[in-house]
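2 protein chains.
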Amino acid sequence: MKPIIQNFQVQFNYGVYFTEGLFNPENSMLKDVLQQDGNTAPRKVLFVIDNGVAEAHPNLINAISSYATVHADTLKQVAPPMVVAGGEVAKNDKQLMQDLLDAVNDFGVCRHSYLIAIGGGAILDMAGFAAAVAHRGIRHIRIPTTVLSQNDSGVGVKNGVNAFNKKNFLGTFAPPFAVINDSEFLLTLDDRDWRSGISEAIKVALIKDAAFYKQIKQNAEKLASRDMEAMQQLIHRCAEMHVEHIGGKDPFEKGSSRPLDFGHWAAHKLEQLTNYSIRHGEAVAVGIALDVVYSKLSGMLSEAETEDILVLLSQLGFDLYVPALAAVTDETDTKLHILKGLTEFQEHLGGQLTIMLLTEIGKGVEVHEIDGALVAKAVEELAEKQGQQAALTSNKA
Amino acid sequence: MKPIIQNFQVQFNYGVYFTEGLFNPENSMLKDVLQQDGNTAPRKVLFVIDNGVAEAHPNLINAISSYATVHADTLKQVAPPMVVAGGEVAKNDKQLMQDLLDAVNDFGVCRHSYLIAIGGGAILDMAGFAAAVAHRGIRHIRIPTTVLSQNDSGVGVKNGVNAFNKKNFLGTFAPPFAVINDSEFLLTLDDRDWRSGISEAIKVALIKDAAFYKQIKQNAEKLASRDMEAMQQLIHRCAEMHVEHIGGKDPFEKGSSRPLDFGHWAAHKLEQLTNYSIRHGEAVAVGIALDVVYSKLSGMLSEAETEDILVLLSQLGFDLYVPALAAVTDETDTKLHILKGLTEFQEHLGGQLTIMLLTEIGKGVEVHEIDGALVAKAVEELAEKQGQQAALTSNKA
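Top to bottom, those sequences are chains R and P.
If you use numbering that gives the first Met the number 0, the first sequence corresponds to residues 0 to 396, in order.
If you use numbering that gives the first Met the number 0, the second sequence corresponds to residues 0 to 396, in order.
In short, the hints are calculated from the structure, not lab data.
Incorrect hints may have been included.
Copies of the same chain look alike in the list, so a pair counts if it fits in one copy or across any two.
Derived BS3-like pairs: lysine-lysine, alpha-carbon spacing no greater than 25 Å straight-line [to be verified]:
id	residue 1	residue 2
1	LYS93	LYS165
2	LYS253	LYS157
3	LYS339	LYS75
4	LYS157	LYS93
5	LYS376	LYS362
6	LYS253	LYS75
7	LYS157	LYS1
8	LYS1	LYS216
9	LYS207	LYS248
10	LYS165	LYS339
11	LYS1	LYS207
12	LYS213	LYS1
13	LYS30	LYS1
14	LYS1	LYS221
Here chain R stands alone, though its shape is the one from the complex:
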């Protein structure tokens, strides 16, 4: 019998919006975004808030409630906002996702209702995964509150939680209904979270856009001293490049290449090796430093540009080295633990190992082999720069 061939296209679109004071009753952005669905009745909405954000903005829950009252013709909260633990714990603790699913069930949140998450990348990833699988997908709006989530993780199409000690072992590709970046949330970030997301901007500039790199360099001092205008420029351009890249060849990553993961193979492993005591963005800065020095050592990148990048990272306050970088898998072995990150990266993505390196600032190139000994040399060089010794200590984390 003749085969039946299925063939269809699905169109995905969403906006990344920028505002200040989203829940000021006179700010119509959220209302306008919700009304894009063309419904006339008030939409059922469930808010999920990162506990760090709720603490830093003690009036937030009241402000949301007032906003919902003023705009009662557009939205209706099905329950008070759920405040859940932020940071990596949101992706490690299965119960938190279960709590969200319970709420979806208890409050009759349907596919045309909204799960709106306010918080850092981890909360957005976890809530996004819950939204993606409940009823096979309810609408999800992301309100990222950190630099990292506003310029990178929050504006993309991926969600996920961790399992088996592996980052994002479970997740889906599910474009959000919309993303809203509110700069007010950046005001209360501690210095680490302010800085942390800048590494993703450096990453995308390094592999794609020398002019953007130059701009970051020019603004380095302002960024380090928390100049909001400089930060907003950086976030907008970084988010724009991220969105453009995703909308390009392979939005749902069917291939084996993931250029935006420059510096990430080591970063993911470092996060796990340090029990998530370093921020994702901090780990990415170390990962970038490592891949930059590795690029130099393998003869791809000039000494001068290598130095330029390392200086910029330091100037912004990033460490170039953390002791976990030199951890080995066990006492009898001298193999760096981070090298396992290569296998895990390949296993996650599938197919041939494909790692992005640099040939010059603004230009990445993909390679399919990484030399472990050269990585070890790069680690030593970074330790020296940081004024430390690369102690090959055992770490079985």
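Dock chain P against the given chain R, drawing on the hints supplied.
Just chain P now, with coordinates in the frame of chain R:
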């Protein structure tokens, strides 16, 4: 700052193939399907088999193993096939999905590897969900073994498991890599499973294709007496219509309409009310009978066509009535429990209640209100036809 607008399309395609004796070493179909990915190295493959199928085909696991040996250049089993409980338990027992995820992790199954599921619709739904969320999606091939899964559930783009006593509360839209229908699996079906899937063919014929309905009617005796050729014709046409419908306007069900769920709002509830002691296809036959009589009672469908459909269902061996149809929510209430299915259906899909009814054979029409009293009348009429009394007994399932 200017919003950033994301806009991209994703192309999805897969084939539904028909064969006999898929694991006969000389049958190249599975090999050919796997080679569509363009890889040269052997693919990692993990098989998951419905225990009912493994019992009915005691040589299956050996046959798969021989097939993998003969075609070692194309595929490599990462582990012996996993045999898991089939039927609705596969979607109710969380541990079964967890076992699959454990295996994906243990055996390094990556995004470019294959999870191949062999079994009825429930196993395919559960394994498909595991495949969809592990590493954000590993390749999934479905080998449906029942009439229902070969002509309907197995050839679509949905997967899922049950939660909160609700069918498919969790799941995603994730087109399979391919679907392979092997008619040999139909030989060992018991009569209930042979018959069960015919109701989905009647469903799609009733709402879309009078000629197909006529064909089913002409073949009714053959189908009832297990004529394989008649069954294969029915499966092919039903699968074709299912695939065409999905590839049409709304593959991922963004809207509120789901025409292929004609007869299903009551069916899903009946399955749950009977603790899944009736098959999905049997419940759908009752659900169709109910919506057909309801269509007649509300003046849409002629007496003659109503009768014609009920006769056909009976002729094929379907019950038109089961006691659970008349169950009420509690002792003090006379409201039919199945009416809750309407709310749940709406909650799952979102937006306005949209139910398909019939105006004539081959022509469905969507309505947005259902009259509970008229449903009760339809239930009584079906009970009478079945020679039973519609006892309004309490059932709190």
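Each hint, compared with the structure:
no. : hint              : verdict
1   : LYS93 <-> LYS165  : both (14 Å within a copy, 21 Å between copies)
2   : LYS253 <-> LYS157 : both (13 Å within a copy, 19 Å between copies)
3   : LYS339 <-> LYS75  : between (48 Å within a copy, 23 Å between copies)
4   : LYS157 <-> LYS93  : both (18 Å within a copy, 24 Å between copies)
5   : LYS376 <-> LYS362 : within (23 Å within a copy, 72 Å between copies)
6   : LYS253 <-> LYS75  : between (38 Å within a copy, 21 Å between copies)
7   : LYS157 <-> LYS1   : between (37 Å within a copy, 23 Å between copies)
8   : LYS1 <-> LYS216   : between (61 Å within a copy, 23 Å between copies)
9   : LYS207 <-> LYS248 : within (15 Å within a copy, 37 Å between copies)
10  : LYS165 <-> LYS339 : within (11 Å within a copy, 41 Å between copies)
11  : LYS1 <-> LYS207   : between (47 Å within a copy, 21 Å between copies)
12  : LYS213 <-> LYS1   : between (58 Å within a copy, 22 Å between copies)
13  : LYS30 <-> LYS1    : between (51 Å within a copy, 18 Å between copies)
14  : LYS1 <-> LYS221   : between (66 Å within a copy, 22 Å between copies)
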